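Both chains come to you apart, so use the hints to assemble them.
Protein sequence lines, in the order shown, are assigned to chains A and B.
Sequential numbering from 1 applies to the first sequence in this note's numbering.
Sequential numbering from 1 applies to the second sequence in this note's numbering.
For the record, the hints were derived by calculation from the structure and aren't laboratory data.
Just so it is clear, the structure is predicted and the values come from calculations on it, not from any experiment.
Certain hints may be false.
[Claimed, not checked] Cut-off 30 Å, straight-line C-alpha distance, at most; resulting in silico cross-link-like pairs (DSS-like, lysine-lysine):
1) K430(A) <-> K90(A)
2) K170(B) <-> K90(A)
3) K301(B) <-> K199(A)
4) K170(B) <-> K180(B)
5) K301(B) <-> K198(A)
6) K430(A) <-> K521(A)
7) K430(A) <-> K180(B)
[Stated by the list, open to error] Label pairs and their calculated CB-CB ranges:
8) T422(A) <-> P258(B): 42 to 52 Å
9) T130(A) <-> T181(B): 29 to 39 Å
10) R59(A) <-> Y208(B): 40 to 50 Å
Backbone N, C-alpha and C define an ideal beta-carbon position, used for all residues, glycine too.
Single-letter residue listing:
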Amino acid sequence: MTDLSISRRHLLGAGVVGAASLAVPAWARGGDISHGGMLRQGFDEVSGSSIDLTIAEGRRIVQGRRGHGIAVNGSVPGPLIRLKEGEPVKLNVTNMLDEDSSIHWHGLLVPFQFDGVPGVSFPGIMPGQTFVYDLPPIRQAGTYWWHSHSGMQEQSGHYGPLIIDPAGPDPIQADREYVLLLSEFTPLHPHTIMSKLKKGEGYFNYQQRTMTDDYPLSAEERRMWAEMRMMPTDIIDVTGSTYTYLANGFGPDEMPEFLFNPGESVRLRIINGSAMSFFNIRIPGATMNVVAADGLPVRPVPVQEFQIGTAETYDVLVEPVGEAVTIVAESMDRSGMALATLASTPGARAAIPALRDPPLLTMADMGMSGMDHGGMGHGDMAAAGKAEPMSGMDHSAMGHGDDADAGSMAGVSMDGMNMRDTSLLPPDVKVGPGIDMVSMNPVDRMGDPGIGLGDVDHRVLTYNDLVALRPNSDRRTPSRQMEIHLTGNMERYMWSFDGQKFTAVSDDPIRFAYNERVRVKLVNNTMMAHPIHLHGLFFELVNGAPDGFQPHKNVVIVQPGGSATFDLTANEEGDWAFHCHLLYHMHSGMFQIVTVTPEGTGA
Amino acid sequence: MPAQELSDCEAEAARHRAMGHPVPAGQCAPASAEDVPQRSVDTNAECEAEAARHRAMGHPVPPNQCAPDQAPQTVQVAADAVTECEAEAARHRAMGHTVPADSCEPMENGEMDMGTADAPMDHAAMGHSMWGHASDTAIPSGPPPAAAGAGPPRAADAIWGAEAMRDSRKALAQENGGMKTLWFQGDRLEYRAREGRDGYLWDVQGYYGSDLDKFWFKSEGEGSFGEEIEGAEVQALYSRAIAPFFDLQTGIRQDFAPIDRTYAVVGIQGLAPYLFEVDAAAFLSDQGDLTARIEVELDQKITQRLVLQPRAEINLAAQDVPEVGIGAGLDTIEAGLRLRYEFAREFAPYIGIEQEWKVDGSADYARMTGEDPSVTNYVVGLRFWF
Numbered sequence: 001m002t003d004l005s006i007s008r009r010h011l012l013g014a015g016v017v018g019a020a021s022l023a024v025p026a027w028a029r030g031g032d033i034s035h036g037g038m039l040r041q042g043f044d045e046v047s048g049s050s051i052d053l054t055i056a057e058g059r060r061i062v063q064g065r066r067g068h069g070i071a072v073n074g075s076v077p078g079p080l081i082r083l084k085e086g087e088p089v090k091l092n093v094t095n096m097l098d099e100d101s102s103i104h105w106h107g108l109l110v111p112f113q114f115d116g117v118p119g120v121s122f123p124g125i126m127p128g129q130t131f132v133y134d135l136p137p138i139r140q141a142g143t144y145w146w147h148s149h150s151g152m153q154e155q156s157g158h159y160g161p162l163i164i165d166p167a168g169p170d171p172i173q174a175d176r177e178y179v180l181l182l183s184e185f186t187p188l189h190p191h192t193i194m195s196k197l198k199k200g201e202g203y204f205n206y207q208q209r210t211m212t213d214d215y216p217l218s219a220e221e222r223r224m225w226a227e228m229r230m231m232p233t234d235i236i237d238v239t240g241s242t243y244t245y246l247a248n249g250f251g252p253d254e255m256p257e258f259l260f261n262p263g264e265s266v267r268l269r270i271i272n273g274s275a276m277s278f279f280n281i282r283i284p285g286a287t288m289n290v291v292a293a294d295g296l297p298v299r300p301v302p303v304q305e306f307q308i309g310t311a312e313t314y315d316v317l318v319e320p321v322g323e324a325v326t327i328v329a330e331s332m333d334r335s336g337m338a339l340a341t342l343a344s345t346p347g348a349r350a351a352i353p354a355l356r357d358p359p360l361l362t363m364a365d366m367g368m369s370g371m372d373h374g375g376m377g378h379g380d381m382a383a384a385g386k387a388e389p390m391s392g393m394d395h396s397a398m399g400h401g402d403d404a405d406a407g408s409m410a411g412v413s414m415d416g417m418n419m420r421d422t423s424l425l426p427p428d429v430k431v432g433p434g435i436d437m438v439s440m441n442p443v444d445r446m447g448d449p450g451i452g453l454g455d456v457d458h459r460v461l462t463y464n465d466l467v468a469l470r471p472n473s474d475r476r477t478p479s480r481q482m483e484i485h486l487t488g489n490m491e492r493y494m495w496s497f498d499g500q501k502f503t504a505v506s507d508d509p510i511r512f513a514y515n516e517r518v519r520v521k522l523v524n525n526t527m528m529a530h531p532i533h534l535h536g537l538f539f540e541l542v543n544g545a546p547d548g549f550q551p552h553k554n555v556v557i558v559q560p561g562g563s564a565t566f567d568l569t570a571n572e573e574g575d576w577a578f579h580c581h582l583l584y585h586m587h588s589g590m591f592q593i594v595t596v597t598p599e600g601t602g603a
Numbered sequence: 001m002p003a004q005e006l007s008d009c010e011a012e013a014a015r016h017r018a019m020g021h022p023v024p025a026g027q028c029a030p031a032s033a034e035d036v037p038q039r040s041v042d043t044n045a046e047c048e049a050e051a052a053r054h055r056a057m058g059h060p061v062p063p064n065q066c067a068p069d070q071a072p073q074t075v076q077v078a079a080d081a082v083t084e085c086e087a088e089a090a091r092h093r094a095m096g097h098t099v100p101a102d103s104c105e106p107m108e109n110g111e112m113d114m115g116t117a118d119a120p121m122d123h124a125a126m127g128h129s130m131w132g133h134a135s136d137t138a139i140p141s142g143p144p145p146a147a148a149g150a151g152p153p154r155a156a157d158a159i160w161g162a163e164a165m166r167d168s169r170k171a172l173a174q175e176n177g178g179m180k181t182l183w184f185q186g187d188r189l190e191y192r193a194r195e196g197r198d199g200y201l202w203d204v205q206g207y208y209g210s211d212l213d214k215f216w217f218k219s220e221g222e223g224s225f226g227e228e229i230e231g232a233e234v235q236a237l238y239s240r241a242i243a244p245f246f247d248l249q250t251g252i253r254q255d256f257a258p259i260d261r262t263y264a265v266v267g268i269q270g271l272a273p274y275l276f277e278v279d280a281a282a283f284l285s286d287q288g289d290l291t292a293r294i295e296v297e298l299d300q301k302i303t304q305r306l307v308l309q310p311r312a313e314i315n316l317a318a319q320d321v322p323e324v325g326i327g328a329g330l331d332t333i334e335a336g337l338r339l340r341y342e343f344a345r346e347f348a349p350y351i352g353i354e355q356e357w358k359v360d361g362s363a364d365y366a367r368m369t370g371e372d373p374s375v376t377n378y379v380v381g382l383r384f385w386f
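Looking at chain B on its own, in the form it has when it is part of the complex (with noise of 0.2 Å):
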């Protein structure tokens, strides 16, 4: 065996071990009569030696594989150019390797080189992708050259005319990345169980928009059946995001409930880490006063349909709003738990709990009215969304 793929055999040999293969020691070591029967012809010599690798890396070479009465059918070495490639090509096929008939005829308009075809030939067949990669250091970073710039802006309204590609061109911006979504969500609507007389709820949200800008509009109230409302409100805002996972919004709340009031909104919405989607706004009442909402929800999915949420609200005022019952500080707490079905993600039923309560000088203005500042409600309720 020449010296040199001798040394070879030792470099792959070396490679095969440092990936835990099993390799014998002195599997480079030139082959015995005993391990490769020897044959006359001097072609046979290189395939058996091959074999003999192949078999000492454990991959299975069945014994006469070099016998050329083995090779199927498929093999076709044209009879006047046995090239080296077409040889070694014919070897692996002998191995029961696939290789196309032509694998060594060049592109028609390329260039064959067939010193570097014969290398990596081995590594395929043996299922090996051991090949470095080019390294890019040496390749310059920058702009297109100038001549890159010179074509025409459109190359195809020079074939079928500006005017006529107008309004693909428009159409195809709108289409990837350009449309607007519509969306409206009932997040509650329900029935509240309670002491005295029962009550309801709605919360309600949605948007038109594009991904960065919205018009965004919301709406809550809640009252007991068989009395006046208690509180109504719907806000208009324009929404933009200002960060992966959080909207920027601003815009006006309106009251109906318990009095007429019009409100300048300031807000955030959006995702926080561990999955909270936050609701916070400050208000600024046509009276001056200032008074701020903050709203927490998480989805902690139980199975792929059964979803427990947890859900908590703080209203805070800058000062007392005696028309309406709020007292400066914190003014109510809401904790609450729902537990909702999606049949559909659009379309989930839930019941739950909610604890209110009102707090400090919004508690005395409830008692003040004769109102329970602390009230528990049983809710069975409705989310759902298109």
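Chain A extracted, bound-state conformation (with noise of 0.2 Å):
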């Protein structure tokens, strides 16, 4: 087998150039970046058990699109920073912009205090200051990233990845590794952003219903969604009618190349470092096997396309075969997609798929599974008689392909149907104009390949694939299970949790005692996929896997008008923010803070 020192120091993407060894760079001189201000793509890589990072802004360009960028050692994204298992680490995080900045470890379990977020664990990194993470031994290995918590300096390009080697043995063995970092580009200010999407449901959707579009809506759903004034279109809030999707830096045109020799196996950490974006990860001809997720291994998941939600991070082994394969990474909506390429000879490609047509939303968005067993996947299981013991179980996962009606609710009548009935809300989620739907009937919907992936016919990675390779170190049955609410108001571009937004409830956190084992619901009672992240603790997803082997995760997408549950046990002490991982939900106030009371004063 080969060495794995050896391939990590291959190319992480086109255009790498080594700055890392220059002694004074010029990015870290002052706020201006070399080459006239111009940000580099793609990324260098850091180690060591001291590292300098320098957060900066300058100017990008993208496939000619230009715009302003914030970047870490002057590269977008940011360096990779690799550690290792076992090892303690000082961060010294410079920041030379005019305002506040920071740095998250996302994924990472550190003190409280090095945790990142302004406001929560620590006061921030004013203009000019050097903040140091004095980190202990670090406590895991896997594929992480980081970014910044301040603002929506995220979107400008202030994030990379993060590596961690194990202390021991990989247990995941590949002859070769890349990082695949996703994101977006966008010419525009993320204020400016955030301000269109308060003033204009549907800003940036050009594939909403129209008089003329080629939806398979018939007349009865159309009047139905209108009635609702809601749109099955809407996918995500921002798409590819203003951003380029990236993989590691590089858009579309200029996508990174990976290169394998035939035979080989080899592992790809594919981080979606995006703002906004959900993925659905294909490589046509290839299969790809799940490894990890978040960060941590599972049990190997054959699959041909996954969806990766914001924040996640999955590796996956595969084996390509002939002269190049496409990565293809297509946007939730398919209004665009990220590509990067395996290549057996540089220069090699592969053909290039056209995007998929853009899916619609169904009944089970809607928060009205068990209505229409169609839009669940089901189908034939109530045929079967066998549709009890098998809820919660991915019928389109195991390629029955019986959901093909799953985008249309044909038939079914929406009069009568309350979409906002309130009176199922249990009563410490706050009812307002915050919040324009209730679920009817949120079902776990854990075993949902995502959203325009119902009725695919190849086999797409379900939650309830996932099973933790190593078992767990606390099989205590949670002694208490909490409920927390997702809401929000598309029309008014509001989000919160149970009702109420940050600003309501910033004086008054979660609260867990030490080491409490608790199982906690999200509800989603939006039309929207939510990943929710939850820092500094992993949670364990209850997605039926065997006693003991709950997958460890730290973000959960909740599928619309579904549920996701975890449990988890508070053992990290302090402060945490918990939140919606889309930036422009976080921004409207889909956040919290998690305390974990000190060791010595809990359960």
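Here it is as structure tokens:
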């Protein structure tokens, strides 16, 4: 087997420059960056026990489109930070912006004061200041990332990959490995995007229902959606109409190339470092074995496609064949894609598939699962007389293709249905104009492959496929369960937990006793998928995995109108951010603080 | 084949059949010599029995996959610890499934349960996810235990100091839901071609504020070129969200033409079912006159950028207001159709037609001043916002 230490030194993307070795790089001398203030595309790699990172601004060009950028060490994405399990590290972060900044180490278990969320963990990094993240020995290995938690700097380029090599042998063996960091570029300032979302629902959506569209919707269905004042095409808020989707900082016309020798297995560490995008990942002609989720290994799941939510990471193993295969990261609404190539000879390219037709929201996305079996992907289950014991099972992923009508609501009348029956909400949810919908029947949707993937004719990953490779350390049955409702109003672009924006609850965190074991059910009362992220802790998806092998994650997608459940052991003391990782949802108020009391005070 | 294993197999076969997979009736019967080439080594028998089951269910398994020399070099089974877990991992690798090398090793602070590790490995490798969801009915719902409130209210204060944290904490709340928005819209800015003198019209509005509370202003006016302005008004309103799609608006309206007059305003504005944009208000003048206005618009997208907008407006009055030519009851009706093209969402020129009728008493007042109570306008205009 090839020594991993060799393959780690391959190019991470075209155009990588070894700037890390320069004594005083130009970008570290002041706010302006070399190359006439131009930020580089692609990233370097930094490692060691003391790592210097400098945040500065500059201009970016992606495929001829220009914009303002915030970069770390002069590039977007910022450098790949490579750490080693069991070793401490000092990360010295200098802020050369004229506003406060921060870096949050996404998925890393750290003392809370180094988690990097201004206003929760620490005061933030003032202009001109160097803040030292003095981290004790790293307690984990795997694929993570880092990004700013200040303002909306993340949208402007302030993010990068974070890889931790295991102290012992890696449970995931491959001949080569590559980082594929997905993100977006927009020439618009993030505040401009936020403002447009507030003022014009559907502003970025150029795949709306029209009098001339090709959507498979009957007149009755169109009437019903209009009656609800909602859009079946509201898949993601910010789309390819402004975004150029990036692979390691490069647009689809400049796609990075990852080399392999025929017969080799390649580990792809796929990070969704975007601000607002879910991607459908495919490698036409190759099977991907999903071997890690959010950094931690899972039992291998062979799939042809999977959806990666904002801020999630997945490691996959592939054995590419032929001259080249294309890695396709299609945005969930199919308004654009990021691309990379696995090539056996430099310059080799495979065909690039066309964008598929945009998907439509279904009955299940309206929180009406059970009222239309087609939308739930069960189809023939009732006929088999097995509907009950099979609940939660994902049929489409098994290759039956029986839910071709998932996008259809034919024959379903909305008459008499109340899309906002607030009596269904528990009393701790504050009812008001910020809630435009209440799921009538929010079933567990962790067996759902994601919006638009219910009817593809190949194997797609679902959360229910994930099983931890190593057993959980805490196998207690949770002592209590709690429910958190995801709430929103599309038209006003308001997003919240339990009907209250963070502004209303900033002094009233979600409280856990130290070492308390809690089951948390997230109920989605909106028609959008939300990737919910908890800082500082891993939680275990309650996905029916065998006892003690529930997969660990730090981001969970809660599908529209459905629910997702996790167990957690509150054994990391301090205050932690808990939020939707869609940047503009978080910024609209879908944010909370989780407080874990100090050790010795708890259960 | 042991009886227990046989029934496991049949249970699984039944599940497969229930899902519509074709599973032959006898596939759980002990494999015959013709079906599975037997090998003398005991451990291979188990492997091959499983391979046979896999084949019977339609999974591709190479014929010689149980032969030890077929295992890829990546397989590393510790010589001294051929546990059940590792034996199975090796079989899976031999079938071409990827199983990481240390998948049988426990976490440093955890304890591996080999018994539970075995069964699900099959399913994962076979591409099924058929575990039932753990029941959560036994777990009580409730508030956090008392200990959850025991810590300091803000953990970061103890480390960085409350003073140091204050500004960032304020900024955090502001950034996550507290921002305010400024919006200005020129809904109709148009040139009106018609019999007699051509005219003009403006209809603008805007707001500044948070999601629920806003300062809202509106202004409308119209006239004919070369004549005195026919009507001009400005409204300043406090707007409060009262429902997901509707705001309640109260404030002042000041008219500058045809005469100066001040009104108190109460109205609602928002989005009605079927996506009708509604703006309805009642006006009480400082002379005690009560009038009302209802405007309804609907955006019908023809393409992603071409939008047809029907629009209707009705003015009502509780009494005659002769000094401004309003008759009691139905005062005026306007019905229009505008076709706009959104070069950007914010910038959309349009063409259209609008018909205005003065009704009953108002029509009489119009005729008395030599005006036509019915006017057809051919309009060219601009809709924009920022």
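Verification of the supplied hints:
1. Using a Cα cut-off of 30 Å, the hinted pair K430(A) and K90(A) is violated, with the two alpha carbons roughly 43 Å apart.
2. Distance hint between K170(B) and K90(A) is fulfilled; the C-alpha atoms sit about 28 Å from each other, no more than 30 Å.
3. A C-alpha spacing of about 18 Å is found between K301(B) and K199(A), which places the hinted pair at or below 30 Å, so the restraint holds.
4. For the suggested pair K170(B) and K180(B), the alpha carbons sit about 15 Å apart, so the restraint of at most 30 Å is met.
5. Restraint check for K301(B) and K198(A): satisfied, since their Cα atoms lie roughly 21 Å apart, inside the 30 Å limit.
6. Between the alpha carbons of K430(A) and K521(A) the distance comes to roughly 17 Å, so the proposed pair stays at or under 30 Å and holds.
7. A threshold of 30 Å between alpha carbons decides the hint, and for K430(A) with K180(B) the separation of about 21 Å falls inside it, so the pair holds.
8. Between T422(A) and P258(B) the C-beta distance comes to about 47 Å, which sits within the given range of 42 to 52 Å.
9. Judged by the Cβ atoms, the range 29 to 39 Å given for T130(A) and T181(B) holds: they are separated by roughly 36 Å.
10. The beta-carbon spacing between R59(A) and Y208(B), approximately 31 Å, falls outside the hinted interval of 40 to 50 Å.
Of the numbered hints stated above, those contradicted by the structure are hints 1, 10, listed in ascending order.
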